[in-house]
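Student: Chain by chain, the residues:
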Amino acid sequence: AQRVTQPEKLLSVFKGAPVELKCNYSYSGSPELFWYVQYSRQRLQLLLRHISRESIKGFTADLNKGETSFHLKKPFAQEEDSAMYYCALSGSSNTGKLIFGQGTTLQVKP
Amino acid sequence: KAGVTQTPRYLIKTRGQQVTLSCSPISGHRSVSWYQQTPGQGLQFLFEYFSETQRNKGNFPGRFSGRQFSNSRSEMNVSTLELGDSALYLCASTGTYGVREAFFGQGTRLTVV
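Just so you know, the sequences run in chain order A and B.
Per the numbering used here, the first sequence runs over residues 28 to 137.
Per the numbering used here, the second sequence runs over residues 19 to 131.
Each hint should be verified, as a subset may be incorrect.
Partner residues aside, some chain A positions facing chain B, computed with beta carbon under 7 Å [what the hints assert, rightly or not]:
id : residue
1  : L71
2  : R76
3  : G123
4  : F127
5  : Q129
6  : G130
Distance ranges between label pairs, derived from CB positions [said to hold, decoys possible]:
id : chain 1 : residue 1 : chain 2 : residue 2 : range
7  : A       : S39       : B       : Q59       : 32 to 42 Å
8  : B       : N95       : A       : G43       : 45 to 55 Å
9  : B       : S45       : A       : S53       : 29 to 39 Å
10 : A       : K136      : B       : T38       : 34 to 44 Å
Derived from the structure by calculation, the hints contain no laboratory data.
Glycine residues also receive a C-beta, built at the ideal position from the N, C-alpha and C atoms.
If we strip away everything but chain B, and leave its shape as in the complex, we get:
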């Protein structure tokens, strides 16, 4: 079956702009989690959506938000971009076995200039 798909793969934005990233989970998976990966901080959990509801949230400012649609596809939005938001954003989908079987996308590389 198809893996986790993230679009776009690369983005360049200017400070102050907003951006929307998309994640399509594996078919049948109802949970999508988002992570920020940076060289300094490593992989940090942003939030998780399950059946269109936010189930978990990490320690990120309110500029970071997300949503999930009825087909389980998820979007992540970052408003008022800062230089420090430059990172690789990964999403992971999980199915029946939860985090014991998490599959990651290839990520969206966001560069803020």
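The shape of chain A in the complex, shown without the other chains:
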């Protein structure tokens, strides 16, 4: 079965603290993994994709095929990082179908 699991509904940290948003997936094949972010009153937008191996707004994510994980990390959280974060999976880049996790709300306290 294709599934994305984000075990934490809410992650609350203080400004400057490290952040790790967990994402585990289940997929029989080689999926593509993404992180999407939804700031308050804004539309859902792409943050990271594993294939690009990039760092956006200080966030990075490494695909660990052995542990089937794609955790999102940032060494020093900022208040503007407060948002809902979704991990998503696609079985093929040639389609528009994404399977999303339940999402994790990140709250960065001053």
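Got chain A sorted already, so can you dock chain B onto it with the hints?
Tutor: This is chain B only, laid out in the frame that chain A set:
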């Protein structure tokens, strides 16, 4: 270029009615996908249309249907509305790079009373 546009932004319907939502993708994008977002279930994939054909389908009842026009605009229809259909409905458009470059609309908030 203009982003993904969804209309209307808000809808209130009564149980048993039907509703049609519209999504205009980014110019040049041929794929439109629809998602249902609820607090309990999160974001769930409904279906995807590509060049006027349904290319993928999620696990939703047949009351949920869609179509795509030659200009790539897509509509989603829900018949015989139930209270549980209350949700934010999002559409996403993708272009040449497929899901690697998906852009979402702001959604239509449907409330069924």
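Student: Starting from the range 32 to 42 Å, see whether the pair S39(A) and Q59(B) falls in it by beta-carbon distance.
Tutor: 23 Å, violated
Student: Per the hint of 45 to 55 Å, is the separation of the Cβ atoms of N95(B) and G43(A) within bounds?
Tutor: 49 Å, holds
Student: Are Q129(A) and chain B close enough, Cβ to Cβ, to be under 7 Å, as the hint says?
Tutor: 4 Å, holds
Student: Honestly, do K136(A) and T38(B) meet the 34 to 44 Å range at C-beta?
Tutor: Distance hint for K136(A), T38(B) holds at roughly 43 Å.
Student: Close enough to count: is the Cβ of F127(A) nearer than 7 Å to one in chain B?
Tutor: 4 Å, holds
Student: For the hint on R76(A), does the least C-beta distance to chain B fall short of 7 Å?
Tutor: Constraint on R76(A) satisfied, holds at 6 Å.
Student: Given G123(A) was flagged as interface, is its beta-carbon under 7 Å from a beta-carbon of chain B?
Tutor: 4 Å, holds
Student: Given the range 29 to 39 Å, decide if the beta-carbon distance of S45(B) to S53(A) lies inside it.
Tutor: 36 Å, holds
Student: Interface hint check: L71(A), Cβ to nearest Cβ on chain B, cutoff 7 Å. Holds or violated?
Tutor: Cβ of L71(A) sits 4 Å from chain B, so the hint holds.
Student: Please check whether G130(A) passes as an interface residue: C-beta within 7 Å of a C-beta belonging to chain B.
Tutor: This interface hint holds because 6 Å falls under the 7 Å limit.
In terms of the numbered hints stated before, the structure departs from hint 7 and from no other.
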